[in-house]
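**Student:** Protein chains in written order, with full-length UniProt numbering: chain A, 1 to 357; chain C, 1 to 357; chain R, 1 to 357.
Hints are computed from structural coordinates only; laboratory data are not their basis.
Ideal placement from N, C-alpha and C gives every residue a C-beta, glycine not left out.
Watch out, some of these pointers could steer you wrong.
To be verified - DSSO-like cross-link-like pairs, simulated, lysine-lysine; straight-line CA separation at most 27 Å:
| # | chain 1 | residue 1 | chain 2 | residue 2 |
| --- | --- | --- | --- | --- |
| 1 | C | Lys318 | R | Lys337 |
| 2 | C | Lys354 | R | Lys304 |
| 3 | A | Lys9 | A | Lys28 |
| 4 | A | Lys97 | C | Lys48 |
| 5 | A | Lys337 | C | Lys337 |
Said to hold, decoys possible - With the C-beta cut set under 10 Å, the calculated list includes, among others, these residues of chain A facing chain R:
| # | residue |
| --- | --- |
| 6 | Gly21 |
| 7 | Glu151 |
| 8 | His161 |
| 9 | Ala223 |
| 10 | Gly279 |
| 11 | His280 |
| 12 | Ala284 |
| 13 | Ser300 |
| 14 | Arg338 |
These are the residues of each chain, in order.
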Amino acid sequence: MNPEQLSLKQLAGLVQGEAVGNADLRLKGLASLEHAQPEHIAFVNADKYLDQANQSQAGALIVTAELKAHLNSAQQNFIVVANPYLAFAILTHVFEKKNTKSGIEATAQIHPSAMIADSAYIGHYVVIGEHCVVGEHTVIHAHATLDDDVEVGSDCLIESHVTLMGGCKLGDRVRIHANTVIGSEGFGFAPYQGKWNRIAQLGSVRIANDVRIGSNCSVDRGAMDDTILEEGVIIDNLVQIAHNVHIGAHSALAANIAIAGSTTIGKNCIIGGASAVSGHLKIADNVTLTGMSMVTNNISEAGKYSSGTALFENQKWKRTVVRMRQLADVPLTQLVKRLDHMQAQIESLESTFKLRK
Amino acid sequence: MNPEQLSLKQLAGLVQGEAVGNADLRLKGLASLEHAQPEHIAFVNADKYLDQANQSQAGALIVTAELKAHLNSAQQNFIVVANPYLAFAILTHVFEKKNTKSGIEATAQIHPSAMIADSAYIGHYVVIGEHCVVGEHTVIHAHATLDDDVEVGSDCLIESHVTLMGGCKLGDRVRIHANTVIGSEGFGFAPYQGKWNRIAQLGSVRIANDVRIGSNCSVDRGAMDDTILEEGVIIDNLVQIAHNVHIGAHSALAANIAIAGSTTIGKNCIIGGASAVSGHLKIADNVTLTGMSMVTNNISEAGKYSSGTALFENQKWKRTVVRMRQLADVPLTQLVKRLDHMQAQIESLESTFKLRK
Amino acid sequence: MNPEQLSLKQLAGLVQGEAVGNADLRLKGLASLEHAQPEHIAFVNADKYLDQANQSQAGALIVTAELKAHLNSAQQNFIVVANPYLAFAILTHVFEKKNTKSGIEATAQIHPSAMIADSAYIGHYVVIGEHCVVGEHTVIHAHATLDDDVEVGSDCLIESHVTLMGGCKLGDRVRIHANTVIGSEGFGFAPYQGKWNRIAQLGSVRIANDVRIGSNCSVDRGAMDDTILEEGVIIDNLVQIAHNVHIGAHSALAANIAIAGSTTIGKNCIIGGASAVSGHLKIADNVTLTGMSMVTNNISEAGKYSSGTALFENQKWKRTVVRMRQLADVPLTQLVKRLDHMQAQIESLESTFKLRK
Chain A
1 MNPEQLSLKQ LAGLVQGEAV GNADLRLKGL ASLEHAQPEH IAFVNADKYL DQANQSQAGA
61 LIVTAELKAH LNSAQQNFIV VANPYLAFAI LTHVFEKKNT KSGIEATAQI HPSAMIADSA
121 YIGHYVVIGE HCVVGEHTVI HAHATLDDDV EVGSDCLIES HVTLMGGCKL GDRVRIHANT
181 VIGSEGFGFA PYQGKWNRIA QLGSVRIAND VRIGSNCSVD RGAMDDTILE EGVIIDNLVQ
241 IAHNVHIGAH SALAANIAIA GSTTIGKNCI IGGASAVSGH LKIADNVTLT GMSMVTNNIS
301 EAGKYSSGTA LFENQKWKRT VVRMRQLADV PLTQLVKRLD HMQAQIESLE STFKLRK
Chain C
1 MNPEQLSLKQ LAGLVQGEAV GNADLRLKGL ASLEHAQPEH IAFVNADKYL DQANQSQAGA
61 LIVTAELKAH LNSAQQNFIV VANPYLAFAI LTHVFEKKNT KSGIEATAQI HPSAMIADSA
121 YIGHYVVIGE HCVVGEHTVI HAHATLDDDV EVGSDCLIES HVTLMGGCKL GDRVRIHANT
181 VIGSEGFGFA PYQGKWNRIA QLGSVRIAND VRIGSNCSVD RGAMDDTILE EGVIIDNLVQ
241 IAHNVHIGAH SALAANIAIA GSTTIGKNCI IGGASAVSGH LKIADNVTLT GMSMVTNNIS
301 EAGKYSSGTA LFENQKWKRT VVRMRQLADV PLTQLVKRLD HMQAQIESLE STFKLRK
Chain R
1 MNPEQLSLKQ LAGLVQGEAV GNADLRLKGL ASLEHAQPEH IAFVNADKYL DQANQSQAGA
61 LIVTAELKAH LNSAQQNFIV VANPYLAFAI LTHVFEKKNT KSGIEATAQI HPSAMIADSA
121 YIGHYVVIGE HCVVGEHTVI HAHATLDDDV EVGSDCLIES HVTLMGGCKL GDRVRIHANT
181 VIGSEGFGFA PYQGKWNRIA QLGSVRIAND VRIGSNCSVD RGAMDDTILE EGVIIDNLVQ
241 IAHNVHIGAH SALAANIAIA GSTTIGKNCI IGGASAVSGH LKIADNVTLT GMSMVTNNIS
301 EAGKYSSGTA LFENQKWKRT VVRMRQLADV PLTQLVKRLD HMQAQIESLE STFKLRK
């Protein structure tokens with residue numbers, strides 16, 4: 001399917017939407033409302049974008065029926081759907097540049113005991129160790145390393161400079177972005193007489209189907225048991241997943257997060273960027289943490305949680321920090337009670353005084 | 001120019017300074033005041049270093065005329081300039097070990113459609129894809145990967161294990177340090193029925209002239225439009241730049257920062273290490289954020305901003321956290337007003353009372 | 001020594017413990033109490049695990065004499081030691097899969113001037129520059145890059161995609177995990193007329209014996225002097241060590257930490273994950289920082305320190321942030337004094353009033 005040949009009608013068909021306007025209009029790509037040209041299709045997802053949509057030069061708009069009612073229909077072409085953002089997500093795959101290569105580049109080093117599916121593509125200088133398995137249609141970019149006993153399912157993407165080791169096992173449709181490390185040794189040391197005695201990490205990493213891990217992430221192998229990412233987990237860049245962490249299905253972790261060892265994150269959680277979760281904690285299902293959250297205790301209730309002071313003008317912040325230092329020694333709730341009590345005393349004095357007049 | 005042959009006079013000439021003392025003194029390198037030996041030149045940048053400068057064994061000192069007046073001139077050699085730190089910065093380039101290689105190592109894999117300038121150096125095992133362009137005098141270290149359609153300008157440095165992909169375009173004199181990823185896929189997913197639907201990222205990354213990006217950074221490609229770093233932006237290590245972020249000219253980002261998607265940072269901003277900026281925000285020009293700042297709203301005024309509680313002795317911190325938990329239910333400003341009001345009541349009672357005596 | 005042949009007695013001997021029960025029992029590996037099978041040995045480290053230990057299917061348990069007294073001895077086999085966690089750490093090395101390769105893979109590119117010990121192993125596509133040195137029994141995984149003048153001691157481990165540059169020098173038994181960068185250029189720029197003038201970094205990195213650095217870390221080379229990690233330092237993943245940082249012996253740094261330039265960390269410090277330490281500071285020996293600590297001043301006393309607000313339910317957090325914004329203008333300690341003073345006034349009024357009755 002050549003995306004350059006697609007008509008409004010065909011695109012509408014791909015997202016089970018209705019084509020309104022010139023159904024034969026050829027569209028070459030997706031663009032934002034702001035930058036779209038007549039050969040592009042853009043999407044409108046909320047009332048607040050209606051003005052921008054009316055002014056957009058996009059050849060066609062993906063909208064709901066309700067949003068369409070507020071647009072200058074006469075001049076426009078539409079794909080009408082229930083969920084424009086989802087339709088847009090689906091159409092990005094149509095216009096995405098696909099890998100068309102298969103086979104094994106001559107420069108790849110593959111151990112004879114490794115099993116590589118015929119439809120897989122193995123890029124230049126990829127190194128694959130003993131007993132590895134690579135599934136059908138999986139694409140492995142240049143310089144990736146699969147150490148011994150690593151298994152990668154079918155339809156996976158492993159980008160450049162990824163290191164898979166520790167016998168990690170990846171399901172199907174797993175995407176590991178560039179320079180990420182899966183299965184390196186967990187940070188386990190027994191302190192003894194002022195020194196750190198390394199604990200060799202004998203566990204591995206298990207990654208279920210449809211997991212997505214961004215670039216420059218570290219997912220360590222377990223100490224004895226495995227580190228586990230359940231199906232559909234999505235992880236952004238520069239994220240640390242320590243040994244024996246367990247992340248529930250369809251949870252999403254934004255960039256620069258650190259999850260310390262043996263912590264369990266529930267299903268369908270959303271963790272904001274730059275958050276840090278201490279070790280050996282349990283976070284319930286459906287927990288949302290806003291950005292830069294600091295979690296030092298279990299979270300047993302679904303809900304939205306936050307931490308931090310938010311941002312201050314620097315001089316005011318300095319004064320606030322001074323006050324926060326005083327706060328430990330100020331009995332806040334007692335203060336309010338004392339105030340209530342004193343007010344009662346004053347009022348009593350005042351009324352008695354008036355009576356005596 | 002062999003740095004070992006340089007005299008005080010020649011070095012002074014390179015920084016448009018005045019050589020004072022033995023103009024023919026040969027100097028072999030730069031060193032700190034503390035560790036300098038007679039063959040070294042060191043710099044003095046402020047009054048507080050005068051004692052250290054007087055005791056230094058450095059063969060020569062880079063100073064201002066004003067600082068020189070406070071030093072034991074008789075025993076020393078000087079380069080007198082208006083800005084010693086800038087002069088030092090310039091001289092570091094004289095003593096730096098330069099790349100002397102050019103050409104393409106035999107092990108590099110370069111697609112026939114790629115255009116590599118004759119004066120460029122391409123290291124061992126570098127992989128360069130279709131339609132890539134590499135400019136004059138650019139140096140690409142071993143194992144770097146340039147995926148299809150990547151363009152790198154002239155006089156650039158691309159260190160080992162860098163991954164350039166997503167058709168990113170780099171200007172001239174751009175420096176990308178080891179293991180950094182530019183142009184990997186942005187973190188875009190449409191949630192639908194409890195699952196995350198991947199949005200293929202169709203945009204790219206544009207990096208202007210004189211940009212510097214540290215090691216282990218991630219700069220994602222845009223969803224539809226491009227992620228943009230304007231000229232002269234400098235970025236430290238382990239920094240996350242999400243899709244469609246736009247960073248203004250000459251802004252500086254310290255290590256471990258995360259900038260979330262579609263946020264615009266102004267020109268000449270300075271962002272302290274370990275800060276995190278939420279998505280879809282606008283930060284004005286000339287904003288300085290101190291380290292570990294948490295930004296969740298637009299910043300429309302130039303100035304210096306901060307967040308966080310600063311550091312506490314642990315036991316005191318625990319008490320402070322208890323108080324912070326009480327704070328939500330303590331009407332602080334109202335408290336002060338009540339106090340003022342009660343004081344007035346008391347004083348009124350006292351004075352009435354005295355009158356009645 | 002084939003670990004599959006080891007008896008309880010032999011394992012006890014390796015940790016100077018006493019075998020109790022079936023001394024000839026063959027054990028194949030270590031496991032957690034929860035997942036252990038009869039062929040596994042597990043450890044019990046505290047009273048709170050006694051129930052789990054009694055229910056475990058482990059073939060043998062590593063315990064103290066005291067803990068053993070509380071277990072169903074009749075049914076179990078034991079190794080009795082003073083420190084079960086240390087014994088466990090030692091035994092992980094017995095069951096760890098060892099590198100058995102030596103020699104240089106044919107695809108490695110090694111400069112003729114480099115000196116590689118005969119017992120070292122150099123993996124596929126490793127690139128080693130001029131004048132490098134690699135010691136006995138050191139293992140270098142595929143795709144690692146050693147730029148010119150790098151020296152690695154004996155019994156070291158350098159994992160895949162590690163970049164060693166800037167003439168860094170590593171001692172013996174140093175372990176550098178995958179995709180870490182040592183010796184890339186420090187973030188040094190002299191601001192002048194709105195631009196950043198790069199300061200070429202002329203120093204290097206010195207790493208002492210028994211240092212361990214996790215995956216995706218960045219350790220920059222010094223500006224003039226060296227960045228230094230003393231012996232026995234252990235560092236988790238995604239950690240930033242800026243130029244001219246000095247870390248004292250046996251200090252431990254958890255994941256996602258950033259240490260800014262020229263800061264000195266003492267010996268035997270423990271720094272919690274996601275902490276950030278500003279530049280040019282001195283942290284004393286034996287300082288512990290809990291996770292996400294923000295350090296902006298010197299710490300001259302050993303002890304435990306913390307920062308941050310801890311976690312709030314989101315709606316309560318929003319109210320707390322409003323209060324924190326008011327805090328700067330609320331004279332907290334003065335408030336308490338005023339309250340005390342007013343109470344005294346009220347009491348004085350009350351008592352005078354009573355006297356007059």
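**Student:** Hint by hint, note whether the structure agrees.
**Tutor:** Hint check:
Taken as a hint, the Lys318 (chain C) and Lys337 (chain R) pair is honoured in the structure, with Cα atoms around 24 Å apart against an allowance of 27 Å. With a C-alpha separation of about 55 Å, the suggested pair Lys354 (chain C) and Lys304 (chain R) falls outside the 27 Å cut-off, and the hint is violated. Restraint check for Lys9 (chain A) and Lys28 (chain A): the C-alpha separation of about 13 Å stays at or below 27 Å, so the hint holds. Between Lys97 (chain A) and Lys48 (chain C) the CA atoms are separated by roughly 59 Å; this puts the pair beyond 27 Å, and the hint is violated.
A threshold of 27 Å between alpha carbons decides the hint, and for Lys337 (chain A) with Lys337 (chain C) the separation of about 15 Å falls inside it, so the pair holds. With a least beta-carbon distance of about 43 Å to chain R, the hint placing Gly21 (chain A) at the interface is violated under the 10 Å criterion. Evaluation of the Glu151 (chain A) hint against chain R yields a violated restraint, the C-beta minimum of about 16 Å exceeding 10 Å. For His161 (chain A), the suggested interface contact is upheld, since its CB lies about 5 Å from the closest CB of chain R, less than 10 Å.
A least Cβ separation of about 8 Å between Ala223 (chain A) and chain R falls short of the 10 Å threshold, and the interface hint therefore holds. Annotation: Gly279 (chain A) was flagged as interfacial toward chain R, and the flag holds, the nearest CB pair being 9 Å apart, inside 10 Å. Violation of the interface hint for His280 (chain A) is found here, the shortest Cβ-Cβ separation to chain R being roughly 12 Å, above the 10 Å cut-off. Of the supplied interface hints, the one on Ala284 (chain A) is violated, with its beta-carbon coming no nearer than about 13 Å to a beta-carbon of chain R, more than 10 Å.
With its C-beta approaching chain R no nearer than about 12 Å, Ser300 (chain A) sits outside the 10 Å limit, and its interface hint is violated. The closest approach between the C-beta of Arg338 (chain A) and any C-beta of chain R is roughly 6 Å, which is under the 10 Å cut-off, so the hint is satisfied.
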